[in-house]
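**Student:** Sequence:
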Amino acid sequence: LPTVLYNFSYWTKQSNSKGGGSETEHPYKILCIQGPQLPVASMSFGRRDLFNRLRIFDSIDSAVSSQRAVELESIDFNETFDLEIDDHADDIWIRQVFDPPTIDALVQGTFEIPNIRYYDGTFWLVESGHYDAPELDQMLEWQARGTRAISHLARVPA
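Under the numbering used here, think of the first position of the sequence shown as 71, with each following residue one higher.
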């Protein structure tokens, strides 16, 4: 699948009342993969981090964005992973993609879908930190994991 790998950073500035302050860089490595069209406009999947482990924010996020949180039939899955699809997406399709064997494999760690975002035919994998040239072999493995996940996500037709 056509892929672009790049580093991205943004900076935030903080200032104090004495006129001083600091600037912080937020570095990321991004893998952009052109893949098959899914029957949803957008989807995001990833492990819950400390902040979004409190699922009370799911309903707030759903109310202010064009995506909604999806809760599946597994408490372990819902506590470990954050799955969101666009507001107009088909609930049956997402449950066919995340069927019981897939849910079990993800929870047990025997199958991996890396943190992934999908928007209109493009899949975005994002991780903290920049990559360096000596890490290109690791980036190829990251691309392979992403490609396996994309194949799994695209296996259920609309």
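These are calculated hints, taken from the structure and not from any lab test.
Please note that the accuracy of each hint is not assured.
Have a look at the derived ranges for each label pair, beta carbon to beta carbon [stated by the list, open to error]:
{"no.": "1", "residue 1": "Q166", "residue 2": "E95", "range": "38 to 46 Å"}
{"no.": "2", "residue 1": "S221", "residue 2": "D146", "range": "36 to 44 Å"}
{"no.": "3", "residue 1": "D174", "residue 2": "Y80", "range": "33 to 41 Å"}
{"no.": "4", "residue 1": "Y189", "residue 2": "R118", "range": "19 to 27 Å"}
{"no.": "5", "residue 1": "W81", "residue 2": "R165", "range": "22 to 30 Å"}
{"no.": "6", "residue 1": "R215", "residue 2": "G89", "range": "42 to 50 Å"}
{"no.": "7", "residue 1": "R118", "residue 2": "T180", "range": "31 to 39 Å"}
Mimicking EDC-like on lysine to aspartate or glutamate, the simulated pairs with C-alpha atoms at most 20 Å apart in a straight line are [claimed, not checked]:
{"no.": "8", "residue 1": "K83", "residue 2": "E93"}
{"no.": "9", "residue 1": "K99", "residue 2": "E182"}
{"no.": "10", "residue 1": "K99", "residue 2": "D207"}
{"no.": "11", "residue 1": "K83", "residue 2": "E95"}
{"no.": "12", "residue 1": "K99", "residue 2": "D174"}
{"no.": "13", "residue 1": "K99", "residue 2": "D119"}
{"no.": "14", "residue 1": "K99", "residue 2": "E197"}
{"no.": "15", "residue 1": "K99", "residue 2": "D202"}
{"no.": "16", "residue 1": "K99", "residue 2": "D169"}
All C-beta atoms, glycine included, are put in the ideal place defined by N, C-alpha and C.
**Student:** Hint by hint, say whether it matches the structure.
**Tutor:** Results of checking the hints against the structure:
1. Q166 / E95: 38 to 46 Å: For Q166 and E95 the Cβ distance comes to about 41 Å; the hint holds.
2. S221 / D146: 36 to 44 Å: violated, 24 Å
3. D174 / Y80: 33 to 41 Å: For Y80 against D174, whose Cβ atoms are near 37 Å apart, the range 33 to 41 Å holds.
4. Y189 / R118: 19 to 27 Å: For R118 against Y189, whose Cβ atoms are near 21 Å apart, the range 19 to 27 Å holds.
5. W81 / R165: 22 to 30 Å: Taking Cβ atoms as reference, W81 and R165 lie about 41 Å apart, which means the hint is violated.
6. R215 / G89: 42 to 50 Å: Since the Cβ atoms of R215 and G89 sit about 47 Å apart, the hinted range of 42 to 50 Å holds.
7. R118 / T180: 31 to 39 Å: violated, 19 Å
8. K83 / E93: holds, 4 Å
9. K99 / E182: Holds, at roughly 19 Å.
10. K99 / D207: holds, 14 Å
11. K83 / E95: The hint holds at about 9 Å.
12. K99 / D174: violated, 29 Å
13. K99 / D119: Cα-Cα ~18 Å, so holds.
14. K99 / E197: holds, 6 Å
15. K99 / D202: OK: K99 and D202 at ~10 Å, within 20 Å.
16. K99 / D169: violated, 30 Å
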